[in-house]
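Could you build the full structure based on these sequences and the hints that come with them?
In order, the protein sequence lines correspond to chains A and B.
Residue numbering for the first sequence is 1 to 66, as defined by our numbering.
Residue numbering for the second sequence is 1 to 1002, as defined by our numbering.
FYI, nobody ran anything at the bench for these hints, they're computed from the structure.
The structure presented is a predicted model; accordingly, all values stated were derived computationally and were not measured.
Cβ coordinates follow ideal geometry from the N, Cα and C atoms, glycine included.
Please note that a few of the clues may not be correct.
So the derived list for chain A, only partly shown, Cβ under 8 angstroms to chain B, looks like this [unchecked claim]:
#, residue
1, 18
2, 24
3, 26
4, 27
5, 42
6, 47
7, 64
Within a straight-line C-alpha distance of at most 16 angstroms, the following computed EDC-like cross-link-like pairs (lysine to aspartate or glutamate) qualify [what the hints assert, rightly or not]:
#, chain 1, residue 1, chain 2, residue 2
8, B, 813, B, 704
9, A, 7, B, 997
10, B, 968, B, 885
11, B, 811, B, 782
12, B, 474, B, 563
13, A, 7, B, 563
14, A, 7, B, 1002
15, B, 270, B, 404
16, B, 811, B, 746
17, B, 795, B, 769
18, B, 684, B, 664
19, A, 53, B, 997
Which bits of chain A does chain B cover? Going by a derived footprint, with three or more residues having C-beta under 8 angstroms, they are [said to hold, decoys possible]:
#, segment
20, 4-17
21, 53-61
Residue strings, one per chain:
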Amino acid sequence: MPDFEPKILAFLCNWCAYAGADLAGVSRLQYPPNVRNIRVMCSATISPHHILKAFQRGADGVFVGG
Amino acid sequence: MSGSEGNFQVRLRQKPRYVNMDRCTACGSCVEKCPTAVPDEYNTGLGDRKAIYKPYAQAIPSAYVIDPVHCRQLGQGKKCGICAKVCPADAVDYEQTETMLQLEVGAIIVAGGFQAFDPSRFDTYLYANHPNVVTAVEFERLLSAGGPTAGHLIQPSVMGLRSDIASQEKQLQKLASQLQQLEAKHGVHTAQILENDEAATASGKADLERWLSLADKAKDAESKLTALKERESIAGEPRKIAWLQCVGSRDIHHCDNGYCSAVCCMYAIKEAIIAGEHSKEPLDTAIFFMDIRTYGKDFERYYNDAKAKGVRFLRSRVHTIDRVPDSDALELTYADETGTIKTESFDMVVLSVGLEASASTRDLSERLGIALDGYHFAATSSFTPVQTSVPGIYACGAFQGPKDIPYSVMEASAAACAASRKLAPARGALVQERTFPQEVDVSAEKPRIGVFVCNCGVNIAGVVRVPEVVEYAKTLPHVVYTQENLFSCSQDAQDRLREIIAQQRLNRVVVAACSPRTHEPLFQETLRAAGLNKYLFEMANIRDQDSWVHQNNPDAATIKAKDLVRMAVAKASLLEPLREERLGITRSALVVGGGLAGMNAALGLAEQGFPVDLIERGLELGGEARLIHRTWNGEDVQGYLVDLIGSVRTNANITVHLETRLTDVKGFVGNFQSVLTGSDGTTKTVAHGVAVLATGGQPLVSEEYLHGRHPRVIQWHEVDELIAGKDPLITEGACAVFIQCVGSREPQRPYCSKVCCTHSVASAIRLKELNPDMDVFILYRDIRTYGRREDLYQKARSLGVLFIRFPLEEKPKVEADGDGGLRVIVRDQVLGRTIALRPDFINLATAILPSGAEELANLFKVPLNSDRFFLEAHAKLRPVDFATEGVFVCGLAHYPKPIEESIAQALAAASRAATVLSQEYLETSGLVAGIDPERCVGCKGCLDVCPFGAINYFEDRHICQVNKALCKGCGGCAATCPSGSVQLMGFRPQQLYAQIDEALAE
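Here it is, written out as structure tokens:
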């Protein structure tokens, strides 16, 4: 699959992973544009339902950062 | 500074930043274009920064500053002005000047910090002359993800090699282009010129000479480059790193820093472990030390873990670091514990440099009149640990002496408490309250969403095609208004936003700009000012998480921006107004424990005007301190205790309950109801807003070493009684033995009791002073006289106290002689042989145990650590708080500690408690969990996962409910609930599902 572009959904904790994603921006670190971030107040909010829902909707990968 | 306590006038000089902080949006355009690179002091010179810069990535305020010395425009007298030209917010101002501020203050807190010891004066350590000898601070930067190597472990010699290669390549390029110019001019290749002089006929004599010299240089540069690259190809990550402890500490010969810097053992162990984690190849780490001083809470466990992970600990003071010829490695020669001389080479050596007072804090102290101790740290007493010699001026942190983060944070709160006690009447005098218009009820309206897309100057617009995003937003459901902003955060944009909300009757707002982490509160304020509930707001992060990270891909970045806006709009349409509730506060405190810590906490609050109920289960106040005669530096504890009890007894705000226990606790922060039970069984309920737990500790009563079976095997303060009573055992005795770590640092109790080394050393000194002919032995594992206590250790040794070290597996043996005497058998590690001592008495330094913690932990639902001490909310940053709000800890119940640290922690707990009590009411967040009582089946799954004790189970109705005052909005309960009855407001399932759907929509 040479043209395969994965769709990745990320759930990011406001206090750590989301802050890290902001810091990546401040530091101008470049990464592929395949990820869509959803901010949550804590990764504990994410239940298996959210992850399954993402896969049902066609996500190729789910990232939970917390 | 002039004036006095309660009424100081201070003049402050504020240096110009040359950047207008109100305008700077921290976009970083200036840094990209600034032509001047300067060694970055934050990265200890191991990396570069620009002349306009932010000191470090997380700096607050997040705004840039110009270094006027290196700036071409300001410092070099050149015409530059590039940063002013590229700044989209017009924030650069070269004309800014120094400003003088005049402040009227009641108290001053000095937190001047320390400087790391500069080891370049030790020529035998090669620090100044070899790149691979670094200080621990430099090594810290090499390990940091934000550091010069992005956290990759690289030898500085290789970093140097890489920069040499880069400059050599540049040089070569320059020579090649000069040669090319000559080739073009004469139409002859350089190769021909070099092979055949005749080819040169075409050129003039001068050009020919220049040609030949350039070609010569190029050849030279090329061979140098090849050599450098060859060296680089064989240089890998360091495989062996050594740490040398006590560089600039515990050293009276070279630098007069006789004290122990108190933090280096721990940071060296931490660096060794992290270096191992960062290394791709197995890394050999070795720490050369005299005594490992892991005396803090959970530190000993960390040390044990390090040993288990393979960090080598070598007890030896290394005096010289040598070069290994023809290599970047370093050679250490040292004597091992048997006295054998060994040599070992390492790829890097880290010097564990100590902490010392800086010239600037000494200068500041002189100007403020603050007395310093012999080591130039602020002089304080054990009983007033944050009070300087000047009334109204307080000290905290390493300005007062070397110390670690938790203790510095405690002292910071303690200093705030000490200052607040004096300034209590003025509390709130300068408060100005903001008023907001009545909130409009939009709950019955259909969503009317406004979308505001920010250019952020060129920060977003330079990558993302903003007009396209705006056009796209218009097509989304419920969007009735869109707008493009140059800077959405500017004051005029805020004013405009307020107007548009009213004009367009918007009931939801989406801003596509930077990060909600930095800007959401600003926009929420504007919503409130426009009469909208602040939770009807959503941001799309199209800068930090889009345009900045996809700078070379405008198409993808624009698509992503549209997706993020679509996700935000979908969520916004489902947002609902959330309420922040106000709860009343009982503005009084309950302090549990009438020892030194409890009494100080009670006084700290009472003197700020808050009523305190102080309960003590014993017959009298004073706790363990009643047994202590003197502090380690000789202050009279009993005299202090009498005064302290007097102050507590006479303070009208304090009610003392003796022979009283706490038997029940209900409620939560601001609203506790506790039941006190007296010795006669009578009960009394008190209402209080906060609780301070100060139940203290007590020494283990050991059965080891014949204790309890031989009358002259005593422990702890029994020796002080003998000394105070001038007992014949002391005045006429011939030999005394102290045994350390009795029950501490052992598998069943793997923590250091912190105060025992100092107590035994101080007692040994008193024995020697009273009876110089007595042989005094201290049998120890590591002597942990941290900080200035090291002076005592030196004094004891100079008085002839003998120290014999024993490892855990070779503990001393104590036997009773037939004639009632004592015999101690111990193996002397230096002599390498077993010796027998015949002491007149043995004093045991037994472990310090927590008391009463278990009982209170259950009542207040607060955790204990594995050693059964109270477990604070954060070991470093919240040393007196619990995760459960409104409950605080201090004293020995937290961990063994000396008097000055107990008092500082007590004041800190009072200070933290006052942050609750000083409020009129508690305001809950809107982002809290809610449980639908109709659907809750009472399984208590949520109750089990809630880390904040915010969920209550009601037996009568078989359901759980959330206490909004305690809920932190993590949503763990919502994810756990099998019936879906728990939802986190602002992050309800349908809101998250809407975002998921839109994120993955085609």
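Outcome of the hint check:
A least Cβ separation of about 7 angstroms between residue 18 of chain A and chain B falls short of the 8 angstroms threshold, and the interface hint therefore holds. The beta carbon of residue 24 of chain A comes within 6 angstroms of a beta carbon in chain B, closer than 8 angstroms, and the hint placing it at the interface holds. The beta carbon of residue 26 of chain A is positioned within 8 angstroms of a beta carbon in chain B (closest approach about 6 angstroms), and the interface hint is therefore held. Taking 8 angstroms as the C-beta cut-off, the interface hint given for residue 27 of chain A holds, the closest approach to chain B being about 6 angstroms.
Taking 8 angstroms as the C-beta contact cut-off toward chain B, the hint placing residue 42 of chain A at the interface holds, the least distance being around 4 angstroms. Against a cut-off of 8 angstroms between C-beta atoms, the interface hint on residue 47 of chain A holds, since the closest Cβ of chain B lies about 4 angstroms away. Nearest Cβ of chain B to the Cβ of residue 64 of chain A: about 11 angstroms, over the 8 angstroms cut. The hint is violated. This hinted pair checks out: residue 813 of chain B and residue 704 of chain B have alpha carbons roughly 10 angstroms apart, not beyond 16 angstroms.
A C-alpha spacing of about 13 angstroms is found between residue 7 of chain A and residue 997 of chain B, which places the hinted pair at or below 16 angstroms, so the restraint holds. At roughly 10 angstroms between alpha-carbon atoms, residue 968 of chain B and residue 885 of chain B fall within 16 angstroms of each other, so this suggested pair holds. A C-alpha spacing of about 13 angstroms is found between residue 811 of chain B and residue 782 of chain B, which places the hinted pair at or below 16 angstroms, so the restraint holds. Restraint check for residue 474 of chain B and residue 563 of chain B: the C-alpha separation of about 13 angstroms stays at or below 16 angstroms, so the hint holds.
Note on residue 7 of chain A and residue 563 of chain B: the hinted pairing holds, with a Cα-Cα distance of about 12 angstroms set against a maximum of 16 angstroms. This hinted pair checks out: residue 7 of chain A and residue 1002 of chain B have alpha carbons roughly 11 angstroms apart, not beyond 16 angstroms. For the proposed pair residue 270 of chain B and residue 404 of chain B, the alpha carbon gap of about 13 angstroms is at most 16 angstroms, so the pair holds. Distance restraint check for residue 811 of chain B and residue 746 of chain B: the Cα-Cα separation of roughly 11 angstroms lies within the 16 angstroms cut-off, and the hinted pair is therefore satisfied.
Distance check on the hinted pair: residue 795 of chain B and residue 769 of chain B sit about 11 angstroms apart at the alpha-carbon level, within 16 angstroms; holds. Restraint check for residue 684 of chain B and residue 664 of chain B: satisfied, since their Cα atoms lie roughly 10 angstroms apart, inside the 16 angstroms limit. At most 16 angstroms may separate the alpha-carbon atoms for a hinted pair to count; residue 53 of chain A and residue 997 of chain B meet this at roughly 8 angstroms. Restraint check on the segment 4-17 of chain A versus chain B: 3 residues with Cβ-Cβ distances below 8 angstroms, three needed, restraint holds.
With 5 residues bearing a CB less than 8 angstroms from a CB of chain B, the segment 53-61 of chain A meets the requirement of three and the coverage assertion stands.
Comparing the model with each earlier hint shows a violation of hint 7 alone; every other hint is respected.
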